[in-house]
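If you read the protein sequences in the order shown, they are chains A and B.
Each residue of the first sequence is one higher than the one before, counting from 1467 in the working numbering.
Each residue of the second sequence is one higher than the one before, counting from 1467 in the working numbering.
It is worth saying that the hints were derived from the structure and are not from the lab.
Where chains are identical, the list cannot tell them apart; a pair therefore holds if satisfied intra-copy or between any two copies.
Here are the simulated lysine-lysine pairs, BS3-like style, with alpha carbons at most 25 Å apart: (1) K1554 x K1526; (2) K1554 x K1607; (3) K1549 x K1526.
From a predicted model like this one, the values you see are computed outputs, not experimental measurements.
Protein chains: 2
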Amino acid sequence: MIEVEVKARVDDPKQLERSIIELGATPIGIDTQTDTYFNAEDRDFGKTDEALRIRVQDGKSFLTYKGPKLDKISKTRKEVEVKIIDPKNMGQILTLLGFLPVSTVIKKRKNFRIGDFFIALDEVRDLGNFIEIEISVNDAKNSDEKVQSIFKFMEKLGISRELTIRKSYLEMILEKNK
Amino acid sequence: MIEVEVKARVDDPKQLERSIIELGATPIGIDTQTDTYFNAEDRDFGKTDEALRIRVQDGKSFLTYKGPKLDKISKTRKEVEVKIIDPKNMGQILTLLGFLPVSTVIKKRKNFRIGDFFIALDEVRDLGNFIEIEISVNDAKNSDEKVQSIFKFMEKLGISRELTIRKSYLEMILEKNK
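Make a model of the complete structure from these sequences and hints.
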């Protein structure tokens, strides 16, 4: 699956939430997500632009791999996810295979949906507030068009393309802790 | 978790099943298991004596890591397992991380329990019939004593210690296909 994604920092999350709902988005739930990121022994995911993560979200857990970003303007990348039952054992297996935990990102995520857009309003511990808009496509061929449609939606929310960010929360946390 | 395990080839599985039940074991179900084994790009699990496997068993799926054997007489080793929901996505993540599928072992397993022993009577495609007796312990310190108690039980079934096998089904399949 290809996740077409655009992200931006948010100054006034309450105002932005009102704007999203005014534009017709439906709230679909709030999650608390604790994401532990791993790095490989034999290659640095920071350099290869990959990510490997265990997410624990309100009692549910997922293992996720993200491939390198596929364009120069968005956070679009290949993403594969598996629901897992025991995140502690999963972490142990990853460590035994040579993947070591690097850092943890904790956030409260408000989810919205409008058409085929998934919108997340994130309050990230130590980093602040962000919006992420995402569309899943099967094929990278269609991603450019989807990126442009997300940019257009962002503009309606008063967020110009120049304000979007391509850095992951993990990269931001690691920079902050340097 | 340490899995203390002893295994042997079986000539007459029906007779052996009767003997197991006569000794007081309780049948606890029959599974069909399809195990896909992966090898690492940066180290050969055949040489490091590790194993990484996705098991699909009657609609349930598991990811399992097995460490090197811990003694010279049994198949005792560290084992960590996670129940997973989507084995296809798990296989894709492993491949993206540099682990490639090597071979698949398919078997019908009849499970029995007696005390803290788990007994499996396996009918393995292309390999034949085997018995595996297993005890889980938290600490490798107690494993020697447990191995000896399994050997004693095996003897009651007419299987002498010399007839036990330390090779995995994967190793046997790979040897056969050479």
